[in-house]
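Protein sequence lines correspond, in order, to chains A and B.
With numbering that gives the first Met the number 0 as the guide, the letters of the first sequence map in order to residues 0 to 300.
With numbering that gives the first Met the number 0 as the guide, the letters of the second sequence map in order to residues 0 to 351.
Bear in mind the hints are in silico, worked out from the structure with no lab data behind them.
Possibly wrong hints are sitting among the right ones.
Below, a list of computed lysine-lysine pairs in the DSS-like style, where the Cα atoms sit at most 30 Å apart [to be verified]:
no.	chain 1	residue 1	chain 2	residue 2
1	B	K227	A	K285
2	B	K222	A	K285
3	A	K285	A	K176
4	A	K285	B	K232
5	B	K222	A	K85
6	B	K222	B	K202
Examples of chain A residues lying across from chain B (beta carbon under 8 Å, computed) [what the hints assert, rightly or not]:
no.	residue
7	V1
8	L3
9	V4
10	V5
11	G7
12	F225
13	G235
14	A239
15	T269
16	T276
17	L280
18	S284
19	K285
Quantities reported herein were computed from a predicted structural model and do not represent experimental measurements.
Yeah, the Cβ is synthetic: ideal placement off N, Cα and C, and Gly gets one too.
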Amino acid sequence: MVLLVVFGLQQAITISIAADGELITEKSGVLNIGIEGVMLLSAFSAAAVNFEVERFVGPSSPYIGLMGGMLTGVAANFIFSTLSAKIHVDQVIAGIGINIFAVGMTYVMSQKYFEIDGTPVSNSLPALFNVGGLSSSLTLKISPLMLVMFVLPFLVYLFLGKTKFGLHIRAVGENPKAAEAAGIKVVRTRILATSLGGALLGMAGSYLTIDFFNQFTPDITAGIGFIALAAVIAGGWNPAYTFGMSLLFGTSVGLIYVVSATGPLFYLITMFPYLITVVVLGIASKRLRPPSALALPYRKE
Amino acid sequence: MVRVLRGVVPSIVALLLGLLAGSVLMWAFGLNPFNVFYALFDGALGTRYGQSTVLTYMSSYILLALAFLIPGKAGIWNVGGQGQVFIGGITAALVVVFIPMPIILWPLVAVIAACITGAGLAAVSGILEAYRNASAIVTTIMLNYVAQPFSSLLLYYVIVERVPTVAQNQYVVFPSAATLPAIPFFNASIMFIIAILVAIGAKYFLQRTSLGYNIRAVGMGPKQAESKGINPKTIKVIAMLIGGALAGLAGAGDVLSAGHGCYLVACYQDNFAAGWFGGEGFAGIAVALVAANDPIGAIFSGIFFSILAAGTASVGQNIYVVWAMQGIIIVFMAAPYLSTKVLNLGGKKRWT
Chain A
0 MVLLVVFGLQ QAITISIAAD GELITEKSGV LNIGIEGVML LSAFSAAAVN FEVERFVGPS
60 SPYIGLMGGM LTGVAANFIF STLSAKIHVD QVIAGIGINI FAVGMTYVMS QKYFEIDGTP
120 VSNSLPALFN VGGLSSSLTL KISPLMLVMF VLPFLVYLFL GKTKFGLHIR AVGENPKAAE
180 AAGIKVVRTR ILATSLGGAL LGMAGSYLTI DFFNQFTPDI TAGIGFIALA AVIAGGWNPA
240 YTFGMSLLFG TSVGLIYVVS ATGPLFYLIT MFPYLITVVV LGIASKRLRP PSALALPYRK
300 E
Chain B
0 MVRVLRGVVP SIVALLLGLL AGSVLMWAFG LNPFNVFYAL FDGALGTRYG QSTVLTYMSS
60 YILLALAFLI PGKAGIWNVG GQGQVFIGGI TAALVVVFIP MPIILWPLVA VIAACITGAG
120 LAAVSGILEA YRNASAIVTT IMLNYVAQPF SSLLLYYVIV ERVPTVAQNQ YVVFPSAATL
180 PAIPFFNASI MFIIAILVAI GAKYFLQRTS LGYNIRAVGM GPKQAESKGI NPKTIKVIAM
240 LIGGALAGLA GAGDVLSAGH GCYLVACYQD NFAAGWFGGE GFAGIAVALV AANDPIGAIF
300 SGIFFSILAA GTASVGQNIY VVWAMQGIII VFMAAPYLST KVLNLGGKKR WT
């Protein structure tokens, strides 16, 4: 049971941080279906930056890799939001495009850079502390990003609820026309909010390569990004509920690692987190209300 | 004619921009784009084997494009073609393994069963979106991840146990009476003819039947459709049923085409890695988008993408460059304004 909690928390790190990023983005009225692809690109960059720094400069710090991943997230989301806010690309279609692009791109890049499919990352984030004695010969690392996971929902709540910029974000997500009339720059606010969300997506993606798996493998995100997207929806676009949903989904993913099953059970356990997500969405979605202008392009008149 | 041309131009522009971006990528990786494209088209069209591969890809690409675009016409996003293919394919295989039948009936029943289960999986998302307000984009993607392990489970613990396999479980061998008839000269089944006929049928269905009209009406505006006495919820679920059935049909085609039983194991490999998004379900989305959601257009863009896919299979590992290129093409297709702006660059105001 303790094992499940710890593994669940580890899994929840990616989901929760990504969900927080997506939450900020969606509050501004931009629906980023490309979340999975952005995380995948960041996961790759974190590993690649680490690799390159080690090769050319010398000993790298995992935090440099983390920075690289976050910058990639910002860049990807900046391009995406510029496309959607400025030239009104269909957000859903562009998001699907980003996902497909990311899988192909990271595969090519990992073949090019590392000439192998999996890229071992020599230095991962140092443990905040280790949890030992849970079961025989198993020591679990508590990542510094777990701290971030717990703090972030508060920060997002304060940011969206109490700051002026947060208010602007919510305004352009609910009623861009009124926001514009009140003197808020809709396009700029959306691009800024999406880029900020991108930094968190980048952090979530980087966690996979520079901390959890310690290597990059193609399609390393395996649908985690979409689970984060579902956590935002099921959490009703509320930071606290979204965090709760992330913990629930994280625990169901963690189950895979706790019940290291073989045979038929393996397949059943593997499909479990995704099934849970569908069930929760089915139950929760009915009463939820997304930001009014979500996924709608804004045209100045 | 002018109308058709105007419809086609954005697709051509998106394709060209995508190919251009892909060429830049290849160049960045130290490949000569001209050589790659030559090898690609030569590999796809130059040999009998390549041509057969094109025909095989074509059948699933066209059907999966329809599986995406028919629900799309009703305003519901079916991103779950991949999962529906898996479920359809495994159902066809199960029917073949467990219910022996006379020669023509056997593949026919297998195909119908595949359509039914594919439709069933799609309907789950359809019902959740229509009646529970749960975004079909998310649920269809989630169900992809459910369908794959589920069908792997059935494959490895039910089918492989009962059917002869060759090359260390890489190929499943089905009795030839259960497979779809092959066409002369090519190593491909009649599936691609079925796919083209289905596409033409879909065009007729959407344009000329009342159900097709209702589907389009719901897609254009659920509120207005409701005021005309159409129930948008039912229509959405029906559109998903049709889409899922076509994806299931594609799955059955993959599994039951002569010589492609091998596809079964190759495609159901139990690792998630490498290529969830490179799968045919997502290629089908690209095909539909480039066709600007037109069933007839889907035939042509389906041919184009199957040449790309078959060609890359012959080029080897550069296939991932093509995936990246597909993604770029989709992003360009998402920007109808971009294509028109590209065409009149001298316009006064850019990107209003």
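Here is how each hint holds up against the structure:
1. With a C-alpha separation of about 25 Å, the suggested pairing of K227/B with K285/A holds against the 30 Å cut-off.
2. The suggested pairing of K222/B with K285/A holds, with an alpha-carbon distance near 18 Å, which does not exceed 30 Å.
3. A threshold of 30 Å between alpha carbons decides the hint, and for K285/A with K176/A the separation of about 27 Å falls inside it, so the pair holds.
4. A C-alpha spacing of about 14 Å is found between K285/A and K232/B, which places the hinted pair at or below 30 Å, so the restraint holds.
5. For the hint pairing K222/B with K85/A, the CA-to-CA distance comes to about 29 Å; that is within 30 Å, so the pair holds.
6. For a cut-off of 30 Å, the pair hint linking K222/B to K202/B stands: about 25 Å separates their Cα positions.
7. Hint status for V1/A: violated, given a least beta-carbon distance of 27 Å to chain B, over 8 Å.
8. Contact between L3/A and chain B, as hinted, is not supported at the beta carbon level, the nearest pair being about 20 Å apart and thus beyond 8 Å.
9. Hint status for V4/A: violated, given a least beta-carbon distance of 24 Å to chain B, over 8 Å.
10. A distance limit of 8 Å between C-beta atoms decides the matter here; for V5/A the minimum to chain B is near 23 Å, and the interface restraint is violated.
11. Violation of the interface hint for G7/A is found here, the shortest Cβ-Cβ separation to chain B being roughly 18 Å, above the 8 Å cut-off.
12. The closest approach between the C-beta of F225/A and any C-beta of chain B is roughly 5 Å, which is under the 8 Å cut-off, so the hint is satisfied.
13. Taking 8 Å as the C-beta cut-off, the interface hint given for G235/A is violated, the closest approach to chain B being about 12 Å.
14. Interface hint at A239/A: violated, since its Cβ lies 21 Å from the closest Cβ of chain B, which is beyond the 8 Å cut-off.
15. With its C-beta approaching chain B no nearer than about 4 Å, T269/A sits inside the 8 Å limit, and its interface hint holds.
16. Using the Cβ-Cβ criterion of 8 Å, the hint placing T276/A at the interface with chain B is satisfied: the shortest such distance is roughly 5 Å.
17. A least Cβ separation of about 4 Å between L280/A and chain B falls short of the 8 Å threshold, and the interface hint therefore holds.
18. Among the interface hints, the one on S284/A holds; its C-beta lies about 4 Å from the nearest C-beta in chain B, closer than the 8 Å criterion.
19. The closest approach between the C-beta of K285/A and any C-beta of chain B is roughly 5 Å, which is under the 8 Å cut-off, so the hint is satisfied.
Of the hints listed earlier, those the structure fails to meet are numbers 7, 8, 9, 10, 11, 13 and 14, in rising order.
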